[in-house]
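All chains, please: the whole structure from these sequences, using the hints.
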Amino acid sequence: MLEVRFHGRGGQGAVTASKMLALASFLSGEYVISFPFFGTERRGAPVTAFTRIDTSPILLKTQVYNPDVVVVLDGKVMETVDVTAGMKPDSSIILNSPESPDDLGLRFKVATVDATRIAIDLGLGNRTNPIINTAMLGAFSKSTGVVNMDQIRQAISEMSPSRADVNVSAAEKAYNSVRTGW
Amino acid sequence: MLEVRFHGRGGQGAVTASKMLALASFLSGEYVISFPFFGTERRGAPVTAFTRIDTSPILLKTQVYNPDVVVVLDGKVMETVDVTAGMKPDSSIILNSPESPDDLGLRFKVATVDATRIAIDLGLGNRTNPIINTAMLGAFSKSTGVVNMDQIRQAISEMSPSRADVNVSAAEKAYNSVRTGW
Amino acid sequence: MMPTSIPQQELMEPGHTACQGCGATLAMRYALKALGKKTVVSVPASCWAVIPGAMPNRTLDIPMVYTPFAATGASISGLREALDIRGDSDYNVVGFAGDGGTADIGLQSLSGAMERGHNVFYIMYDNEGYMNTGVQRSGSTPYGAETTTTPVGLERNFKKQQKKIVADIMMAQGVPYVATATIAYPEDLIRKVQNARKITGPKFIQILAPCPTGWYYPPEKTIEVSRMAVQSRMFLLYEYSEGKFRLTKPSRPVTVKEYVQSQKRFSHMDENEIRILQEEVDRRWGELLEKESH
Amino acid sequence: MMPTSIPQQELMEPGHTACQGCGATLAMRYALKALGKKTVVSVPASCWAVIPGAMPNRTLDIPMVYTPFAATGASISGLREALDIRGDSDYNVVGFAGDGGTADIGLQSLSGAMERGHNVFYIMYDNEGYMNTGVQRSGSTPYGAETTTTPVGLERNFKKQQKKIVADIMMAQGVPYVATATIAYPEDLIRKVQNARKITGPKFIQILAPCPTGWYYPPEKTIEVSRMAVQSRMFLLYEYSEGKFRLTKPSRPVTVKEYVQSQKRFSHMDENEIRILQEEVDRRWGELLEKESH
Amino acid sequence: MVLVPLADASSRANHTGLWRTLKPVIDYSSCIRCEICWKFCPDNAINLEDGGSASSPNQKVASFSIPVIDYNYCKGCGICANECPEKCIEMEFEEE
Amino acid sequence: MVLVPLADASSRANHTGLWRTLKPVIDYSSCIRCEICWKFCPDNAINLEDGGSASSPNQKVASFSIPVIDYNYCKGCGICANECPEKCIEMEFEEE
Amino acid sequence: MREIGSKASIMTGNEAVAEGVRLARVGFISAYPITPQTTIVEKLAEMVANREISARYVEVESEHSAMAAVFASEIAGVRSYTATSSQGLLYMHEMLHWVAGQRLPVVMSVVNRAIGPPWNIWSDQSDSMNQKDTGWIQVYSESNQEAMDTLIMGYRIAEDSGVMLPFMSMEDAFILSHTSEQVLIPDQDLVDEFLPELHLDFRVDSDHPMGYGSYSTPDGPFMELKKDMMDSMWKSADTIRKVTQEFSEIFGRDYGGLIEEYMTEGAEYILVASGTVASTAKYVAGKMRENGMKVGIVRIRYFRPFPAEDIVRAVKGASHVGVIDRSVSFGSGGAMFNEVRAALYGRSDVPVTGFIAGIGGRDVREEDIEGMVNMMAAGKEGNVFINVRGGK
Amino acid sequence: MREIGSKASIMTGNEAVAEGVRLARVGFISAYPITPQTTIVEKLAEMVANREISARYVEVESEHSAMAAVFASEIAGVRSYTATSSQGLLYMHEMLHWVAGQRLPVVMSVVNRAIGPPWNIWSDQSDSMNQKDTGWIQVYSESNQEAMDTLIMGYRIAEDSGVMLPFMSMEDAFILSHTSEQVLIPDQDLVDEFLPELHLDFRVDSDHPMGYGSYSTPDGPFMELKKDMMDSMWKSADTIRKVTQEFSEIFGRDYGGLIEEYMTEGAEYILVASGTVASTAKYVAGKMRENGMKVGIVRIRYFRPFPAEDIVRAVKGASHVGVIDRSVSFGSGGAMFNEVRAALYGRSDVPVTGFIAGIGGRDVREEDIEGMVNMMAAGKEGNVFINVRGGK
Ligand SMILES: Cc1ncc(C[n+]2csc(CCOP(=O)(O)OP(=O)(O)O)c2C)c(N)n1
Ligand SMILES: Cc1ncc(C[n+]2csc(CCOP(=O)(O)OP(=O)(O)O)c2C)c(N)n1
Ligand code: SF4
Ligand code: SF4
Ligand code: SF4
Ligand code: SF4
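First to last, the sequence lines map onto chains W, E, Y, U, L, C, A and D. Counting from 1, position 107 in the first sequence corresponds to residue 107 in this note's numbering; the numbering is continuous, with no gaps. Counting from 1, position 167 in the second sequence corresponds to residue 167 in this note's numbering; the numbering is continuous, with no gaps. Counting from 1, position 153 in the third sequence corresponds to residue 153 in this note's numbering; the numbering is continuous, with no gaps. Counting from 1, position 211 in the fourth sequence corresponds to residue 211 in this note's numbering; the numbering is continuous, with no gaps. Counting from 1, position 94 in the fifth sequence corresponds to residue 94 in this note's numbering; the numbering is continuous, with no gaps. Counting from 1, position 54 in the sixth sequence corresponds to residue 54 in this note's numbering; the numbering is continuous, with no gaps. Counting from 1, position 56 in the seventh sequence corresponds to residue 56 in this note's numbering; the numbering is continuous, with no gaps. Counting from 1, position 230 in the eighth sequence corresponds to residue 230 in this note's numbering; the numbering is continuous, with no gaps.
By construction, these hints were calculated from the structure, which means they are not laboratory data. Any given hint might turn out to be false.
Stated by the list, open to error - Using C-beta positions, here's what the derived DEER-type ranges look like:
1) Y:K257 - L:E94: 34 to 40 Å
2) E:T84 - Y:D270: 48 to 54 Å
3) A:E193 - Y:S267: 38 to 44 Å
4) Y:I276 - A:R51: 21 to 27 Å
5) L:E90 - Y:K257: 36 to 42 Å
6) Y:S89 - A:R51: 56 to 62 Å
Positions of the beta carbon are idealized from the N, C-alpha and C atoms, including for glycine.
Spelled out as structure tokens, the structure:
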């Protein structure tokens, strides 16, 4: 069973990312579960979401306490939330950041991708609200190998059929540009 | 323990009569309980009330099924209600009626009093709505001997202080004119 | 003299258990004459939930749904939609509730149903108090009235607030058909219900229905008191239909004082209190006259 | 140009959790400026029950009682009487509720409190929908708006009914002080609350409070949208005080179409639908002008 | 089948005439058949029965129907007597 | 004593400035101290600080108070920038 | 013969309750009428009008609002009272939770009446039994005297600083509420001594602005708050015993504690019951004892907190226990029956039979109680409906 | 690896429930929004707007009205649906009784959420547990698939001519309602075969005027009506078993019956639980079994009718039974804990421990469940709060 935790802020699509990942894995024949940790917070406030992936039905319904992978959509969240909480020594963390993994000084396996840049370049959202979740999925695919790009493409076209192409491009760009520090 | 059941129609004061009897007995140091059988019926509809009198606290909270005394404030009730239901062979029944006890053909101890006449003569209520409950109590006192007129007087002045005098007169008149068929 | 023009059809049967001289029964009787047999009525807790008698008795020749006290508006919403789904759009769906069940505990449900615009009737029979529970104050009780929860006593705690007039609230909410009526004028009442039938959408009719038991007057005076309520302008008859407002101008006006003196519930009122009431009556009369003028 | 005349005192603290550009917070902020520190506010389920943040946070410098959704009117009745019993008659007792909590589930309790005449304020912040639960239709949602329970879809199921205007209902019920206001005009809003303070008895103020999250416009436009609502006459500002009615006649009128185009919730509307809305706006404007004229 | 709280027996079985203290009696010789008593009876205790034109008692007659009180149901409220324009209904004491 | 659900800690502890994506920056040289930004800020994130008459930047000055944004709380909604009559508030990108 | 005190009188249960409210110096009353509660609040309205009590009385537009009004007045620190019944109690269900969760010592009278449909204004306990998990202390009286005394004790118990939970005091519809019997009215002085003024240390105060209620995340103190309510409810059992004891010292009437044991000494058959049914059962037990049947009665006064230990102790010697429920819990059996069995689990092995009786005001007669004992004697177990017309 | 049917998809619990409503061909929907139920009715509103379901959707002004509207539509013979949560469920308490008492087979979804104050939108079962005696069948699901399937079965069960009781189907807040997982959507044809059209033989009809509800005196059929409800509720257990079996034959998913037994075979420690806590407990049981702890789980699906017999049978071989309540019953202990002990009374003598966990959305973690088993192994009894911050 693989456990993934997403961090972002309200409106950035962390919950959607968690669900897209689940869908992509589901499409490859895995059992999945994806859920947000819901607050009553408003647009802009920190948000967490979880995905579990397994080869048999998932009975465990708790939150994810020891994620195998952590995905951070917005570095600013790290100012208030300990995104590394519960990470195991061999867990990895994927960050939306223009910096290189090594510059971040985290004691885990770190990957970075400049998802905001990718989104803005492709016209996904705007500078205030770039839509970065598909790019993060591309980075996830490459750095973890858990789902492949075909499945991600399929998941994107199911969940956002209207702008599927651009989103797929974003995922691909991220797939190709993610920098893994391990 | 003495068990009494009152029959009348809504507005005639059967419930008050039952309570006055309880008060009179209470004043003579007995334990008492007095309660109506409540319907949702309106003014004019048949009404039943009960009184229990005992020398020790009354634990029995059921309706009265086998009354020692039945008091009927309005003969018309007898057209729909079996006022003699549950009466024991030696139970007595006190009726508001101008007739003599023997003319009524009931197989119980019967007493009659023309309470309506007494009330109207004394100006208690009017012909449409004569107030007869105090008269019925006078008749009850005389024919059963359970409470004496002093206590009835006291009960009346506590419960209807404004027209106590006339009501006491009614009770006395009834006391003196009740005809017992036993 | 011509005999009455009101329909002969009786959809309320005798043998019901209302008090002698009950005005609320007449409100139902007349309303059903105008509505006809293809009608279903929802009745919340109120005298009218008791009037048909205990199970298994019914006194209406139409289906009558017994509804919790606060639920009339919602229940007619559900009935209406379900009958339409069934294809029975020709049924009249009617909520029939007392003033407590309308002005107080049922107001929200009423307002919601009206706002949603269901094709329903809501008839409020207004006996100006909670009568079934033994005469307590409602929002629709008029200023000055004594009830068991506004006992006069040493503090003179009669009802101090003016009557909340639900029909006015319904107009303010934009209900397409709103009317007031009373049992002393059955022809008017029936005509209004018939007019309401012509409108698809929500319809609200408030019927003043005097209650001898709660207003403390002899039962034979029910019609008389109902008539005096109109003549004294204590209860104004109007019809508001799709933006048009029509006010009945009663002949032979009676003073508020005369009206008030016809019922024991007002018997404690002094001149000053009667004046306060008269002034409010005059004010409202003026207001509604104005309203009619455009 | 003179700086604003509104009171400097802040009784709402920063650090609350409202959305960016939330109009409802401004409604509270201004209201408290007018009410001052000796105020207790009862807030039912709504955005405002969440805005102060999770326990142990509070964002107001006055006591705030969290109240079940349907209970605002009754709770201020109890608070008022109890404070009077305590001898604290100088407190302002205020119900502060959203439009869902006022026009729908709280209407009954509101109407009851007003009818009984307690010396209380009821402030409805009107963001025209159930926002805390994610933008559902309320009775106060205007005609034409899309919400999650009135999704347009193939059937064009946007809200089909005209807005239920609670302030109008309150006037019809005879509440001594009724006013409408909006956050784009804080001076007007504050003056109205201050006027209301002069009246002993129930006071009702409806404040239009645009919601970027539910109306789908960018957060920086909150004041602009609030202003346009008045200029387009979609939301009319008035004050009704002890029988006197005063209507604000907005300068620089904007069409309903322009207003509607400023928000995505109306983006599906076609010319005909906009016309229906414009007609209703014109009708009501005429009606209130009339009302003012006597 | 389950038991459902339904009520389907006509209230006609309930003879509320027993509630009566005073009894309305119509003097047909003055009755003008205006139907007012029928109209205002809250207990539906007055039936309009076909009287034929012949039975008209006087000039003012307004209808061919005769109001007949059904004492099984009349509760004796007195409204009919009070409203009768010709005052031809008398409220009498019930004989016991 | 029992536990009662009471909330008595000021929300000031909650730095909602973190929610911000865009950051309003006031150009004091054009600011006329009309207080409009202060008036309309839904987050009470603008404080009026005493600026003294001397610091008046230009002719149109309306008050002696200078609006100062408290970035601990400003969520970056942009209302102040939008309403500023002199357009002297710029919404800038947050540096990371 | 009974001694008559100078303030003895006969009065209905509802009148006695109203007297209790007066004696407790309640400051704020809000209610909505419903048969058979109405005469309580009518009486109180009259007292207010006649200055016999210095309280404010507000008649609201629904029971939800009645409870909301006393919620708010209590939070402002004023001793508050309401009363209701049946549908009215159901209609305030949400508010019951709210008042308990806010730890407000409101006292309410409930006149136990059946739940519709069909409408039925007569006695059964389904209304209050359906509120058993709302966080209110619940007590059933068997006489008018007890109803009045319980109300006065109610404020003492509810307002105890270690309890701070609302208090629901039950009377059976009509059988108590509208039944007149003798009641001794205690002196106001003594009551004042027994029941000090309410002092709520968190009452609304603009000098100490707080949020009353607030919201809590899963990691917030929500679960701790609920556990504290649970703990306080359990601990209230001792407070109840202590207060009942103190009451008996001052006023001379001893109600025992959470339960009353009647002839349980050496009893073979013990019936557990509450309200007026328990009173009748005591009467029948007395009669049956005379005929050699060793019958005893455990009268449940407090159903919340549930007196598990007391019951276990009381039925120890019995060879068969019967539990009378005057309410229905569809799909489960009698609620009291279940809780008694749960309490006895692992502590007893006598057979326990559940009797469901008196629903919708169906009278529970002497012969019904005798029948129950006889069924127990015959070894009958399970859930039995009493005096119900058979078949369909 | 799991087989993917052509109609498989991932969706949230609320989406799955909305699909169930569509498949059940509901005709009338009325609801009021409340987190976390909202997305069910939003989805339905969308389906209606997009003609994916031929139902009318009415958004009313409160939950009391939502239930009143479906009460009325159902009495007119139209299959009806509503959904709510927490405070909304409490607010319709009176109407719950009314719908059950009128014998209307309404189906409702309840998204289990905690009760305030303080406000808390997260999961616990206090809301529905407080409605346990209202005459509704109650069922708890552990997965989105089960939630959808249960809804469809619900109409079959509720509308059975021998049952005719309303049906309340629970989902844990967020943990199911907002969690996405795979769901197989059955074919409409098969559902139509399984679930025939509603035919209410007493539906409103002006040709057969009747009073619906009426009122009853104590001597009227009131008590008989309530007994009939009780009987029907008990008998519904068989209907549930039969319908569940038939469902499994048609759709290939077997939910067992009123309870699910998981690894109870030879289990020493059996935990009785419901909802998603039971799912997690199953996971933990599997892990502990691997470590040699003989743990089994009894998952209560139907809490009403209470599956007493099934539970007695399932726990027979255990040496210690634990019951997890995700709700609080102040002054009594866990409600499931009590009913389990009542059921076992006289039929078992193993120790039974009550665990109260997950209140207000407090996560029930693996270690919490392990801890419970360890406490059982250590012989701990009574009522234990799990994962609560200590002291005060
Ligand atoms: C929730 C609820 N509260 C209270 C009652 C008790 N109740 C039944 S009828 C009634 C009075 C009804 O008054 P109104 O609506 O004016 O009708 P009326 O009795 O005057 O005809 C009351 C208070 C109830 N049945 N349900
Ligand atoms: C009885 C009840 N029903 C539903 C809810 C859920 N609920 C909480 S806030 C809310 C919406 C409030 O809308 P509104 O009053 O307009 O205020 P807003 O959220 O828009 O500020 C709803 C439906 C609740 N808390 N209680
Ligand atoms: S109390 Fe009044 S309204 Fe009710 S039945 Fe009697 S007369 Fe009619
Ligand atoms: S949803 Fe709207 S009203 Fe609510 S906090 Fe956000 S902006 Fe304000
Ligand atoms: S007295 Fe009353 S009930 Fe009898 S016939 Fe006349 S109007 Fe009808
Ligand atoms: S951007 Fe918004 S929150 Fe920030 S200072 Fe300006 S108005 Fe206030």
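In ascending order, which of the hints set out earlier in this document are inconsistent with the structure? Per hint list: single violation, 5.
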